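Trainee: Top to bottom, those sequences are chains A and B. For the first sequence, the positions run 28 to 249 when our numbering is used. For the second sequence, the positions run 110 to 607 when our numbering is used.
No false leads were slipped in.
Pairs of lysine to any residue residues, derived as SDA-like cross-links and limited to a Cα-Cα distance of at most 25 angstroms, are as follows:
{"no.": "1", "chain 1": "B", "residue 1": "K434", "chain 2": "A", "residue 2": "V164"}
{"no.": "2", "chain 1": "B", "residue 1": "K348", "chain 2": "A", "residue 2": "A172"}
{"no.": "3", "chain 1": "B", "residue 1": "K434", "chain 2": "B", "residue 2": "P408"}
{"no.": "4", "chain 1": "A", "residue 1": "K87", "chain 2": "A", "residue 2": "V164"}
{"no.": "5", "chain 1": "B", "residue 1": "K137", "chain 2": "B", "residue 2": "P169"}
{"no.": "6", "chain 1": "B", "residue 1": "K434", "chain 2": "A", "residue 2": "Q187"}
{"no.": "7", "chain 1": "B", "residue 1": "K434", "chain 2": "A", "residue 2": "L161"}
{"no.": "8", "chain 1": "B", "residue 1": "K348", "chain 2": "A", "residue 2": "P173"}
{"no.": "9", "chain 1": "B", "residue 1": "K434", "chain 2": "A", "residue 2": "L183"}
{"no.": "10", "chain 1": "B", "residue 1": "K434", "chain 2": "A", "residue 2": "A186"}
{"no.": "11", "chain 1": "B", "residue 1": "K434", "chain 2": "A", "residue 2": "R193"}
{"no.": "12", "chain 1": "B", "residue 1": "K434", "chain 2": "A", "residue 2": "Y185"}
{"no.": "13", "chain 1": "A", "residue 1": "K87", "chain 2": "A", "residue 2": "F59"}
{"no.": "14", "chain 1": "B", "residue 1": "K434", "chain 2": "A", "residue 2": "A184"}
{"no.": "15", "chain 1": "B", "residue 1": "K434", "chain 2": "A", "residue 2": "H174"}
{"no.": "16", "chain 1": "B", "residue 1": "K434", "chain 2": "A", "residue 2": "G162"}
{"no.": "17", "chain 1": "A", "residue 1": "K87", "chain 2": "A", "residue 2": "T105"}
Derived by calculation from the structure, the hints in this document are not laboratory data. Fair warning: this is a prediction, and the values are worked out from it, not measured in the lab.
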Amino acid sequence: MTLAVGVTLSEFESKRLLAESGIPIPAERLVFSPKEAVLAAEELCYPVALKLCGRGIAHKTERKLVRLDLTDEDDVNTQAEDLLAQRGPGEEHAGVLVSNMIQGRRELIVGLERDLQFGPCVMLGLGGVFAEALGDVAFAVAPLAPHDADDLIDALAYAQILGRFRGEPEVDRAALGAILETLGRIGQDRPDVRSIDINPLIVSGSHPVVADALVELDANPA
Amino acid sequence: MSAILERLRPLFHPRGIILTGVSAHPGKFGAVTYHNLLRFGFKGELYPINREGVEVLGRPTWRRIADVPAGSADLAFLCTPAAVNEELLRECARAGVRAAFVASGGYGEAGEEGRRLEQRLVGLAKELGIIIAGPNGQGIVSTPVSMCAQIAPPYPPPGPISMVSQSGNIGASFMNYGVLTGVGFSKGISCGNSAQLELADYLAYFAEDPETRVSLAYLEGVENGRRFLEVARAHSARKPLVVLIGGVTERGRSAASSHTGALASNERILAGVCRQAGIARAETVEEAYELAATFAGQPLPRGPRTLVFTVAGGWGVLTADACIKAGLDLIPLPDDLREQIDRMVPARWSRGNPVDLAGGETRDTIPEVLERIAAHPQVDAIVYLGIGIQAAQANAFKSGAFYPEHGLKRMVEFHERQDRRYAFAAAEASERHGKPILVASDLVYTDRAYGNAGPLGVQESGRVAYPSGHRAVRALAQLVRYARYRQRLEGRAPHSAS
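With these hints in hand, go ahead and build the complete structure from the sequences.
Mentor: Written out as structure tokens, the structure is:
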């Protein structure tokens, strides 16, 4: 709740923090050369996604720092080289994050914010291309009591998208609920975590998968 | 007695009240409050203080607080200027006062100097062991002791609702609705600047107060959000809490921050807080009051299975739409009910839900149908439409040139008796079967001028009569939501017999 300047962890560090708290994170490798990127892609199996990854790097899509659906060695080599060349001032230590493509047509945004009056609050919203236009977002104050996660999911105006929808199975509510509850617990237990933004959380089949995450820490935790 | 009940007792159950700033001028707040306390018959002792000792309202006043017999007053109501209140508070403490409602302005709402005075007042109160409500508040109402300690009306009829408001005038609006509909209040208080006691304190009190069955709150911001959530949760676990929130739009927020001084919260977070705490959230003043009055007068439904009962078509159609939109379960009419009603009215009735008798009812049909649908195990709640039509015709008869000849007098008496009887049949069936029956008719408003026997009967039965099917449905949807909240909390399954 302090107004001090925060530190935005890299995507890789952000996901490590989430994983340590019990939120499942897909396999990925942080590399620093095109050659390492190719090795990582082969290990993970194609197709893969590459993202420039370093502290303070946000708005990756807008800056075209995300390369999706790369299917062979040449592709990975070229794109990794290009991404590393995009590093700006202060981003010299950034690497390339190699991960599997996550298949899924439904995207969510989940996160943690701190409200001046209510303290840590868990957020759930619809993601994807219409996210801003729809503005379908709901909050719950942390920690989440029994039923709070379920009710938070149902509080979305378009919650039916999370049910069976155009050939997609129903979202695993228990898994989604566990992510929401864990975010609330982080909010309670880690006063140094100022905010968490998981965007997107891709619904792959029925499983919510953390595709990207940013954690903001207080620079001077109390 | 619990700590909070004991702590706030002098505010709502004072033995005696010291009133400061009571002048002979009936335009001044002190004199108005003194008048209102006398006018509505406060059951305790009154000690109006006037430094010159002039008569006010033909009664003697006390020159000095020190002259008030020690221990005879436990509440002080201050209408004096902020500058003298500290000294008066010390004197009150010496006289045995335990609580003060500070109506005086000139505190936190009045800039830097006012904020300083407010902090000093709170510091002094702590030192003296006195609790402070206000300052800059409208007053307190407590009907169990016939107390209207307010610088403005209204004084509502006694009832099971207790109210706290961060705006004096919204609090007055709530109580005006109580005057209008007859579903009354136990207690009401305006927070003023909430210098010491804040909204959550009053809610914590109402939650434990045996005289309160439902609480109603208007808020524009909360100082301590976590505590509010905790208190609201504990409240909802015992009895319903209805909340109206102001300042939820960006422009409204800036109006609220200059009004209450509290930072208005993010609307989406407040929506979450209400959901998590089982709060019945209202959008408007009238809806907030109606929700509270609904909780006050109706049993909680076991589930969402709703039946609409009407004596005429259009209302039923609109109300059916409203039920669906509100997420209520408009069940298909059970076969056995259809067979029973088939035997009671001509075949033109709807034979479905809504149960629309299409004017086919005779003298005893409506009470009988109400009883049967309320008794049915697949029905959790009923919306009953069309009360007052017969009494409306009675009024047309009575006000016309042919009355009382041509058999009109007898017909008028019959119609009025019938509509009154329907109102009581609905309330009795509701109580007998422990299911809400909400009665709605536009005649609540349109026939108010002469007092239609139908809506008046609903009022006499201690319930609110809704001016439209939509308003009844909105209230019912909140009853269902709150009932589900309680069932889950208590680990009970919906639909099960309790």
